[in-house]
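Going line by line, the protein sequences match chains F and C.
My numbering puts the first residue of the first sequence at 1, with every later residue one more than the last.
My numbering puts the first residue of the second sequence at 1, with every later residue one more than the last.
A portion of the hints provided could be inaccurate.
Claimed, not checked - So the derived list for chain F, only partly shown, Cβ under 8 Å to chain C, looks like this:
#1 Q494
#2 A504
#3 N512
Note that these hints are calculated values from the structure, not bench results.
Just so you know, even glycine gets a beta-carbon here, dropped at the ideal spot from N, CA and C.
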Amino acid sequence: MQQFFSYTVSGMGTAAIYAIAAAGLVLTYTTTGVFNFAHGATSMLGAFTYWQMRFAWHLPAPVALVLCLGVLAPLFGMLLERGVMRYLDGTSETTKVVTTISLMLGLLGLSLWIWNPSASRPFPRFWEGEVLTVGGVRIPYHVVATLAITGFVAIVLWLMLKRTRFGVSMRAVVDDRSLVALNGARPHVISMASWSVGTVLAAMAGVLIAPSLKLSALPLTLLVVNAYAAAVMGKLKSLPLTFVGALVLGLGTEYLRGYQGSLRISQKLMPGFLASVPVVILLVVLVVGRSPLRGQTITRVRETVQRPTWAGSTGMGAGIVLIAALLSDVLPRTDLFTLGRIWGLGIIALSLIPVVGFGGHLSLCQMSFAGVGMVMIQHLGGRGSPLALIAAAAVPAVLGMIVAIPSFRLSGIYFALSTAAFAVLMDRWIFLLPRFRFLGMDWDIFNGGSLDLRRTRFFGLSTEGNRAFFVYGAVAFALVSVAVVAIRRSNYGQRLIALKDSPAACATLGMNIKVAKLGVFAVSAGLAGLGGALYGQGMQSATTESVQFLSSLTLLMVMVVAGLNSPGAALFAGVFLGFGLNNVIFGKLADLVPDRLGWAQGFFDKLGTNTLIVVGLAGLSLGRHPDGFVATRLRPRWDQILARPHALLGIGGTLGVAYTARVAGLIGNWPFAIVTLVVLVFVPRVIIPKGPGANAEDLSGDPEEVMIRASARGH
Amino acid sequence: MRVLEAIDISVRFGGITALDGASLAVESGGITGLIGPNGAGKTTMFDVLTGLTPVDSGRVMVDGRNVTRVAPHRRARLGVARTFQRLELFGGLTVLENVECAAGMALGVRGRAAAARRVAGPLVARVGLGPVAHVRAGLLPTGQARLVEVARALATHPKVLLLDEPASGQSETEREQFARLLRELAQDGLGILLVEHDMDLVMSVCEYLVVLNFGRVIAAGSPADVRRDPSVMSAYLGSRVSHG
Chain F
1 MQQFFSYTVS GMGTAAIYAI AAAGLVLTYT TTGVFNFAHG ATSMLGAFTY
51 WQMRFAWHLP APVALVLCLG VLAPLFGMLL ERGVMRYLDG TSETTKVVTT
101 ISLMLGLLGL SLWIWNPSAS RPFPRFWEGE VLTVGGVRIP YHVVATLAIT
151 GFVAIVLWLM LKRTRFGVSM RAVVDDRSLV ALNGARPHVI SMASWSVGTV
201 LAAMAGVLIA PSLKLSALPL TLLVVNAYAA AVMGKLKSLP LTFVGALVLG
251 LGTEYLRGYQ GSLRISQKLM PGFLASVPVV ILLVVLVVGR SPLRGQTITR
301 VRETVQRPTW AGSTGMGAGI VLIAALLSDV LPRTDLFTLG RIWGLGIIAL
351 SLIPVVGFGG HLSLCQMSFA GVGMVMIQHL GGRGSPLALI AAAAVPAVLG
401 MIVAIPSFRL SGIYFALSTA AFAVLMDRWI FLLPRFRFLG MDWDIFNGGS
451 LDLRRTRFFG LSTEGNRAFF VYGAVAFALV SVAVVAIRRS NYGQRLIALK
501 DSPAACATLG MNIKVAKLGV FAVSAGLAGL GGALYGQGMQ SATTESVQFL
551 SSLTLLMVMV VAGLNSPGAA LFAGVFLGFG LNNVIFGKLA DLVPDRLGWA
601 QGFFDKLGTN TLIVVGLAGL SLGRHPDGFV ATRLRPRWDQ ILARPHALLG
651 IGGTLGVAYT ARVAGLIGNW PFAIVTLVVL VFVPRVIIPK GPGANAEDLS
701 GDPEEVMIRA SARGH
Chain C
1 MRVLEAIDIS VRFGGITALD GASLAVESGG ITGLIGPNGA GKTTMFDVLT
51 GLTPVDSGRV MVDGRNVTRV APHRRARLGV ARTFQRLELF GGLTVLENVE
101 CAAGMALGVR GRAAAARRVA GPLVARVGLG PVAHVRAGLL PTGQARLVEV
151 ARALATHPKV LLLDEPASGQ SETEREQFAR LLRELAQDGL GILLVEHDMD
201 LVMSVCEYLV VLNFGRVIAA GSPADVRRDP SVMSAYLGSR VSHG
């Protein structure tokens, strides 16, 4: 019995922290309509800031708490509202979700920048070692304080929302912003207040939970995934239900941890499962919850899904293969090894196009499918068998259909959350499972945490060498990108886009919506698995870290920033993340800076090693180019260049001369790369100075469309 | 022949009764008008007939077959097509692609792009959207957008077509052309159920009228009969006056 009480007490301690975090999430969602994926990153930043003031600068705890939670957190919340969230007003749910994801990545990058992740930072509990003994149960003061604070937060929130005029207008803002403004309230002030309260709650949860999680950026950031479950139990709107949800979550995890010995389940399966309990509860609540949860349908008004031409896409594919073949001749072997991974990553990026770009289903678990693809190569591709590639696509495809099932009744943010829960479940449990026996066979899914991947042999043709693999990867990428274009041009691709725009119309026109959703997830997960196989083979050895939830988010972000509908954007994502383009560009900039500007060198060096912050910052500007820069900036210019033979000839000629000079040893790799970049990216800018995207009003150069838009405005 | 029939349909949303024992029928080759003041339950009736809203009681029959529990996409394949009052276009696709896509859906899994294209081109021309075939549907003004919905519905080779306020947002000439199109379609044997607030259009094309108010059928008959019905006058004119 005493044991039960002690589990209950520590469970309630965890529950209290989840409750504070989830309350902040629910508060900002109900008042601003933005589901803040960066909530956990805010907690993390709060914990680090407190640590800095309390333990690095040795401020007294009360001063540090007041500075951190009373001054900096609210200021940061206001800054967020003023600088980022205000511009999300009236945009679609996708843009909102993606913007907060980029904020999360940016904050994570920021903390890695400021606080070296390899240093150890002891973070003792409040009143470490002091306990209150009640009936033989020892309750740490830290837990007592946590419970008291949570009670206080609950009362303050309740009073604020129900008893003040401000709270009433806060609740009204979410229903209709302009109406609230007409009635004399100021919606911006209200959102600003809500963001600062939300940020304070996030930071508070971070400071309270940091001692039990160690002060480490990533686990603290993902803490919020646990709070999602509590928030979803409150249907993202009811604070009391959210508190109940947090209690269920905290107690459930703690009892399971305490009594796992008496369960008749193999002990090997348990550790990862315990860590996944919150996401399992999240999945269960999402999938079997009483009423279907419908977010807004995911459509971006400013989005255009242009129909790519066969000539353009096959031309691009052939060009990629040709350039890869030429490059494989001039690049050193070590670079070719590093570059080998861009094709796999590029194919995983391509796999996002059908499901997110055409279908509008926000999938946050693409790297998990890729991980399953790698696992298949590990277990079936021992002698380089091509059959393993088929399994690497087929098994994730089946998994993809399972992941798609919640989409029958969930949409928008709720479905995105279910894919996030799946990704975290794979990260925390499945990929970490130790060797175990099941159905009379030995299973060792992720090979003890590190895969050792053989490259494929095709009928005697080996891709083992770095040169051969580089060219083979380019061919595979080109084929998959042509396949994606074929999907877009087919009747099936039209149906996917149609389903995104209007599910009701699709149903009444005779489309089986469930089959369509299963299909697009099977295709996309299959492609991701195939991409994962190539990605892993490129690296030759892979860890669970390369396929985790965070990598899915980073890849999605790069894809969204570059343009979700274009294969060119996928190539960019592959090169950017696979080759560390970031590192190369900023590293070179750091080299170019004169030595006496040491701070600038340091700045560029840091930017170069911190991909997260670059991706995060780029994502925050999403509101301006919802179609991505490849689709709005690069492609339209290239379409016009292709129509001018002399320009094409000039560009090809210059490239040919540069390549000859490189092969003849007249210039090195860097001048060659710079010439190529200038010719491919900047010359089109000079030849066609005003790209079609130059005028914000005019979505495309087609004069007819412009005329129709004008007449539409007139009506 | 009755191609579509609703028998004694009741639908409640929470405490509100949207349809209360309402019945109607659509004949092949005939145009039936469904009229009534705002909130009478016309769009709910469309949602029930196409399967988007489940019924609390009553039956829906297509070609004499009970389809009350049949999913929307299966009803579409049995020949029921509709347009939406609150436009439900595929805004990311061009006008032609909207219609191709619908034709492909009707062809089922075997829907081939070429076959769908053969159906779509002539249909787009028939409803008068030829000049804007390659414009993104999301950019069209309301009147033309409604025609896209009509073409899209026709692309599924329906036996019965349900039109929810197809003429609102259209100009005078567009309405005349549209009335001509409706008569042609009926002559080809299509059954049409028309919800429309433009009484001139309703009176000129419909052979039969059903009047809904507060979820109940308060009158049914030829346009001339309905026009003289005192309960219709009070329901309709009352509502008109109150809406200014």
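How the hints compare with the structure:
1. Q494: holds (4 Å)
2. A504: holds (5 Å)
3. N512: holds (5 Å)
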